[in-house]
Amino acid sequence: MSQYRVQGKGRVSHGKPVSFSFDGKTVTGLGGDTVASALLAQGTHLMGRSFKYHRPRGVVTAGSEEPNALIGTSRGPGRFEPNTRATMAEIWPGLTATSQNRWPSLEFDIGAVNDRMHKLFPAGFYYKTFMWPKSFWDKVYEPVIRSAAGLGVSPSVEDPDHYASRYLHTDVLIVGGGPAGLAAARSAAEAGAKVTLVDENTEAGGSLLSEPGVEINGQPAWSWLESELASLTALGVTVMTRTTAIGYYHQNMVGLCQRVTDHLAAPQDDQPRERLWRVRAEHVVLAQGALEKPLVFDGNDRPGIVLAGSALTYLNRYGVRVGNAAVVVTSHDSAWFTAFDLAAVGTTINAIVDTREAVREDLLAQAAALGIEVLTGHTVTGTSGRLRVNSIRVNPITGSTVGQGRDIACDCVLMSGGWTPTLHLFSHTKSKLAWDAEGKTFLPAETLEDCQIAGAGRGLWGIEAALVDGAEMGAKAASALGKAAASATYSVASDRTGTGEAQKELPTDKDLTSTRAFVDFQNDVTAKDLRLAVREGMRSIEHVKRYTTNGMATDQGKMSNINGLNIAADALGKPAPEVGLTTFRPPYTPTTFGALCGYHKGAHFDVTRKTPIDPWAEENGAVFEPVAQWRRARYFPNTGEDMDTAVMRECIATRASVGMFDASTLGKIEVVGPDAVEFMNRMYTNPWTKLAPGKCRYGLLLGEDGFIRDDGVIGRLSDDRFHVTTTTGGAARVMDMMEDYLQTEWPDLNVWLTSTTEQWATIALNGPNARKLLEPFVEGLDLSAEAFPHMSNAICTVAGFPARLFRVSFTGELGFEINVPARHGQALWEKLWDAGQQYDICAYGTETMHVLRAEKGYIIVGQDTDGTVTPHDAGISWAIGKKKPDFVGKRSLERPDIVAPGRKQLVGLLTQDGSKLEEGAQIVLDPNQPIPMKMVGHVTSSYESDAVGKPIAFAVIEGGFDKIGETVHIPMPDRTIAATITGTVFYDPAGDRLKM
Amino acid sequence: MTHFSALSLLKNSLSGHKNWPEQWPDKEPKAEYDVIVVGAGGHGLGCAYYLAKEHGLRNIAVIDKGWLGGGNTGRNTTIIRSNYLYDESAKLYDHALDLWDGLSQELNYNVMYSQRGVMMLAHNVHDVQSTKRHIHSNRLNGVDNTWLTPEEAKEFCPPLSIDPNARYPVLGAALQRRAGTARHDAVAWGYARAAAKLGVDIIQNCPVTAIRRGADGAVSGVETARGFIKTKKVAVSAAGHTSVVMETAGVRLPLESYPLQALVSEPIKPIFPCVVMSNTVHAYISQSDKGELVIGSGTDQYTSYSQRGGLPLIEHTVAAICEIFPIFNRMRMLRKWGGIVDVTPDRSAILGKTPVSGLYVNCGWGTGGFKATPGAAHTLAWTVAKDEPHAANAPFTLERFTTGRLIDEAAAAAVAH
Amino acid sequence: MLLITCPYCQETLPEAEFTYAGEAHIARPADPSSYSDEAWRDFLFVRSNVKGAHFERWRHFHGCGRFFNAVRDTVTDRFLTVYKAGEPKPDLAKLLEDAE
Amino acid sequence: MTVIPFDFRPGTLVESAGVSIRILMPKTRLSLRARTAAVPAISRALGVAVPEKIGQRASGEGANAETEILCLGPDEWVLLTDVEQVGTITAAMDAIYKEHPHSLVDVSDREITVEIFGDKATDLLTLGWPRNPLSVPIGEARRTVFDGASVVIWHDSETSWRLNGWRSFMPHLLGLLVTGCRELSAE
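Protein chains in written order, with full-length UniProt numbering: chain D, 1 to 996; chain Z, 1 to 417; chain H, 1 to 100; chain U, 1 to 187.
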């Protein structure tokens, strides 16, 4: 047992040693220790190096606000994380911890040379230099600046852990499990509210965990705590520990991050490492307590200088004395109690230095009884000690004069600058804060949320006050929910209450330009830096913060914001509220990316939608491509084939005999009702009135801006019923757009829309033998060209399955699309596949579909059009019902620049050297012009084509329709390709093959 | 005003940095100005600077309702690039890029323009087509942008995962090497200091409550929290609040303001050498010179001036980052914040004259205004000074919404079929 | 994530069930061809973009599927009221008074 | 994360101490759309009192006992029934179409239904369901969202729920639910 561990004291397991490693050395702590408390127990204060000057730094707090003791933690491959606060990292056997931002070692760090040169590096120095010579910026200055940046190192391999997330609904969410939170939980739960209490620490109790000497309702604090927690559980309160409320969002939504396994030696496989909770609470009680402020004085950052309240926590909660010989420096009563408790367990208190002239008599008396020297009305003007403080210089203050100093030896300094209410979550809601001039701090004022603040969070001090206030706020929360609530009464003995005065930096007898009084420890921001920022014209705290980086370290200003504000306000000679408080931004403490990702990782990052026929494609070696959320078979390579070869084979086979294609992803909407045809007339550009039931028509949909949004073949099933198809990616958009017009603009129409995309599996059969293959399977329908011509539809039976059969073609060949209920999709596919063997049937994917349609001159919305293309531009004005008075987008087609000459129009392209163009390649008229060239369009689609005997392409070209036959040029990086503008139909222009 | 240099830094260090002067004075408004710029972000301050420097005007004020640089200038993820598809955009952003290069020297303020390269990922066949279309167009416009294979992309940015079995595999990328990032605050401060040096008045915490027009309909001045100020020319550069300001002059705009969020991780040693953007999974990331990973999120679905934004969007953004960079899964989010972005129907800016004589507007930059800062400021100054469009801002008119000549970069990258 | 009351379902539900659908009370003209280019532009593109009480549309997309109207304060993101499509535009002055 | 097979074979998908998931046999599912004024006529035609409050359910009697109707929106219902009943229902609805126009569309194959049951069934749903499960009374159902996908969730008893979603989204949703079952077992 180390000399710093107090036998039998604290909440750690004294009989249970736990070993871990720190910078390669084995450290043995006790169960319940954090890395920080275990290191302190062996006398180690030095735990890190600061960001800018690489100054040696010790742990300064005992909580999540720690700015200095940041370490890397690891539990093996893939399970390393930088910048972990040693004060929050619970130890377990096998934990590997490493210090950061130092080389070669924590004790001897080359980077500390920056500290020697600190006079050259005041706040914002980089804005003023590194500009000359200009070329040095990229090559010298920036790399040097950047290599000095950062604290820990990034993880380098993928994280094997999994993370979880949940929603939680509760009547009352209480943030903070200290006395105020516990009392609030009791009031609210007794009133019948469903209560959830969360605390970021390993156990609930808050300040009680550091104050075992207090008696509540006649019971010692810790036994009261134990029975109170049991009783809350019995009342149905959910208590979640190791759970940080990270952000307070709209309307009482609070995000929580729960650390599930980081403290365990051997987590179970199915346990997530962390879990994100998205809580929606009817009422919120914020009982987050207060954070102790450091004092700002020259040399206040040496290892061994610890917040007094944290030292009390180390002693009473972890049984660790932070040193043997302490000097207490304070402006608040609370630090005196730390001195008394430490003195009782053998730490010598060399002095209590209080900046105040007058201090409470009882404190003075107790100090005297313990033989502690007391120096009231004193300031601190310096410290010494390289890797650990070894003395402190204190001076009397008389009026505004700082008197002669005196050095006091010590191995630790316990400081307190008073307390700041924790209002981060409150501010996340954009609620208003009010400046408390006396306490020189902000207190909560108005909020729009259903929220109460309890205890130290609103400036109350002492355990009794917190309990009473908590009880009242819990009752208020319950009453707001309409539940009759009473607040319990509490009597507390030995409650150590106190007051203090707020300070800017402490007075000194030194030249202010020579002192280094740190405000933001991690970022090495000193009071001098803040004054420099003000001198240079930074007038708002937001400017000061950004210029100096004060408050931007990983503690996000928990330690530095109020001190920084008071110093800046002093420098400006303005009251603090006029200088403003920088906004507190979520998260309350740094939050693991993995927890925010939750389950959305790997295959579950996004839904992958698959068709009912997808398993067959997978089994048959399909190569897939993602299209919107779907995955679609792109091609079906035979052994050894690449895409081009496979696609060429699929094209040839389909045109020669028959190919089959899974078209199930096409969007389908059933439009039903007496006004169905009127609705279709208004939505689509085409006329629908004269389309007979049993017939199909190509439908074109515009946005109200006149540009092409979607297209598809639409079948009229009966007078009042249309089967609309959309593009794969457009299905949801089209449905939403139709519902919008129907509900909002035309609510009088008797027509209804139902999405049937996933009701039907759709198999396209294309090729001269398609009918021969299909005919034997069809019942109740004559498939002959006369009885069932191109663009027909019918309801029938295919292979015994109920079906909607469409005679349509997106290939230019005789084609059918068979829709059967999804569950039968694969069965039908397999039957057709088996029967198709006699015709050398081939399965083809989206790539072949693209080639075949391009040969035939059919466009693909989204590839050949891009949201800036009108029907006329795309060469499909024929799809517009000329006599229709109106349809969506019609008016926009008459706008001046839409009817102006020179618009880009969709044409075909054939290269003069027979090479294949690249999709996206740009087109010019004059290939010899200098850059920047005048581009007249680009290639939208380009394929090798067996049917045409050479590569074909589509392009949009300015005034293209009038340039058919002309030559254009496509300048590529290595050469310029000449191409001839053609029409878009390359294959079977008369459409004979469709009519077979 | 002290010239900034290593020498002046050294000299001042000897006197304890006690003699640095104010970088810009905080002014009270005068009764009249030749030009009033509304909005003291990078765009507004830059406009004032170029008006003074290049057009010889001296009696200029920049007025802000809050602190200078407190809006989107100080809230964005600082990406700078010019590899836009359309000639109009490429020209304007490349003009900006030319000005970025040399801005530190021009302003004598190190804005830390870091040409680290911006890589835009392609995750599916449609992305590849669209990316190549950009690359070819950029090449012929003289804008640098090159295609990288997945392996080349990984070599350029080692944290990138190019696992072909990923939900959104990387099929390639476009890289603009000249592109990069800059220190956002320094841009506002640098323009402010340089403008102040040329006599521009910077008036903070002075909301403009109305733009006044005379009997002839032309601008006659602005009402502010500190009273009426006479002027014949007003240039509004108020980002998310542009609609509110312009409405007071009777000009209604095709503009909507949305909350946009961004976040940073805890600082780590340098690991991320460039900027990576993926429009398909909505991930935008770089590493700051402080070591934080700087990550851009998307806009919430509803219009808002609350500067808040919800948690779900942050969850999605971080998941998108970890999809492409799985090694960052155990990193931690340090801070997230919100801004208000003003978005036009074609996602391109409105930059220039308005139907009101003497009233000019610079708005509608959506999520991409930072990169345009010097270009927008420079060309708007031209337009304000000469009352005519600059060649680079001429297409970015209000009229295009009437005639239909939109500059729709977003539609051009339309999601597929 | 906002909480939104659906006037059809009469339930207050998380934003995740809803999609935003832009400014409300911008009716499509009965005869667009009679509109000037400027008037048509205003219908298509020009929006009030109010800082304050904003009349807007939402759709209970994952729920009852209905589009409805709402008044929301764009500064606080708080809803002042919701009402069914086709119902008259509520009196803003009265809404603001009630919200006090 | 678990890969869910795509054939949706009815039967148990996962069993654990607190909660189990079972894929249910397909039923006939009809989407019915009509104006409110038509509800009395439709009730008569179907022999079931068609509920008008969103989320409420009603069942038929006698031969109709297997028919269940759920109100999803002010003009929208879903009918669950046996395949044998479809002819009768369609004929009855056709008969009133002229006077009471409506839309009746068979969407039986569009969706897959699973039952989620056990003491922790409600907890499991909180993995992806933003709304408060307990705000859906037992005996009712809601169309809602689960991890971004539209689903209908039926509250059948204190410990038993049904969830149905579009077929192509179900492997993703079930993968999430199976992971959740394991997590709940490890708690």
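For the record, the hints were derived by calculation from the structure and aren't laboratory data. Check before you lean on any hint, since a few could be wrong.
Straight-line distance between alpha carbons at most 27 Å, and here's what the computed DSSO-like set of lysine-lysine pairs gives [what the hints assert, rightly or not]:
no. : chain 1 : residue 1 : chain 2 : residue 2
1   : U       : Lys-98    : D       : Lys-831
2   : D       : Lys-119   : Z       : Lys-11
3   : D       : Lys-134   : Z       : Lys-27
4   : H       : Lys-84    : H       : Lys-94
5   : D       : Lys-139   : Z       : Lys-18
6   : Z       : Lys-53    : D       : Lys-574
7   : D       : Lys-574   : Z       : Lys-269
8   : D       : Lys-574   : Z       : Lys-27
9   : Z       : Lys-27    : D       : Lys-139
10  : D       : Lys-430   : H       : Lys-84
11  : Z       : Lys-269   : D       : Lys-601
12  : Z       : Lys-197   : D       : Lys-510
13  : Z       : Lys-269   : D       : Lys-139
14  : Z       : Lys-27    : D       : Lys-510
15  : D       : Lys-430   : H       : Lys-94
16  : D       : Lys-134   : Z       : Lys-53
Okay, the hints, checked on the actual structure:
Proximity of Lys-98(U) to Lys-831(D) is assessed by CA-CA distance (about 41 Å); at most 27 Å being required, the pair is judged violated. Only pairs whose Cα atoms come within 27 Å are accepted, and Lys-119(D) paired with Lys-11(Z) is accepted, the gap being roughly 11 Å. With a CA separation close to 33 Å, the supplied pair Lys-134(D) and Lys-27(Z) exceeds the 27 Å bound. Restraint check for Lys-84(H) and Lys-94(H): satisfied, since their Cα atoms lie roughly 18 Å apart, inside the 27 Å limit.
For a cut-off of 27 Å, the pair hint linking Lys-139(D) to Lys-18(Z) is broken: about 32 Å separates their Cα positions. Pair hint Lys-53(Z) plus Lys-574(D) does not hold up; C-alpha atoms about 34 Å apart against a cutoff of 27 Å. Note on Lys-574(D) and Lys-269(Z): the hinted pairing is violated, with a Cα-Cα distance of about 39 Å set against a maximum of 27 Å. At most 27 Å may separate the alpha-carbon atoms for a hinted pair to count; Lys-574(D) and Lys-27(Z) meet this at roughly 17 Å.
A distance of roughly 39 Å separates the Cα atoms of Lys-27(Z) and Lys-139(D); the hinted pair therefore is violated under the 27 Å criterion. Distance check on the hinted pair: Lys-430(D) and Lys-84(H) sit about 30 Å apart at the alpha-carbon level, beyond 27 Å; violated. For the suggested pair Lys-269(Z) and Lys-601(D), the alpha carbons sit about 25 Å apart, so the restraint of at most 27 Å is met. As the CA atoms of Lys-197(Z) and Lys-510(D) are separated by approximately 35 Å, the hinted pair breaks the 27 Å bound.
Taken as a hint, the Lys-269(Z) and Lys-139(D) pair is honoured in the structure, with Cα atoms around 18 Å apart against an allowance of 27 Å. Under the criterion of a C-alpha separation no larger than 27 Å, the hint pairing Lys-27(Z) with Lys-510(D) is inconsistent with the structure, at around 35 Å. At most 27 Å may separate the alpha-carbon atoms for a hinted pair to count; Lys-430(D) and Lys-94(H) meet this at roughly 25 Å. Our distance criterion of 27 Å between C-alpha atoms is met by Lys-134(D) and Lys-53(Z), whose separation comes to about 22 Å.
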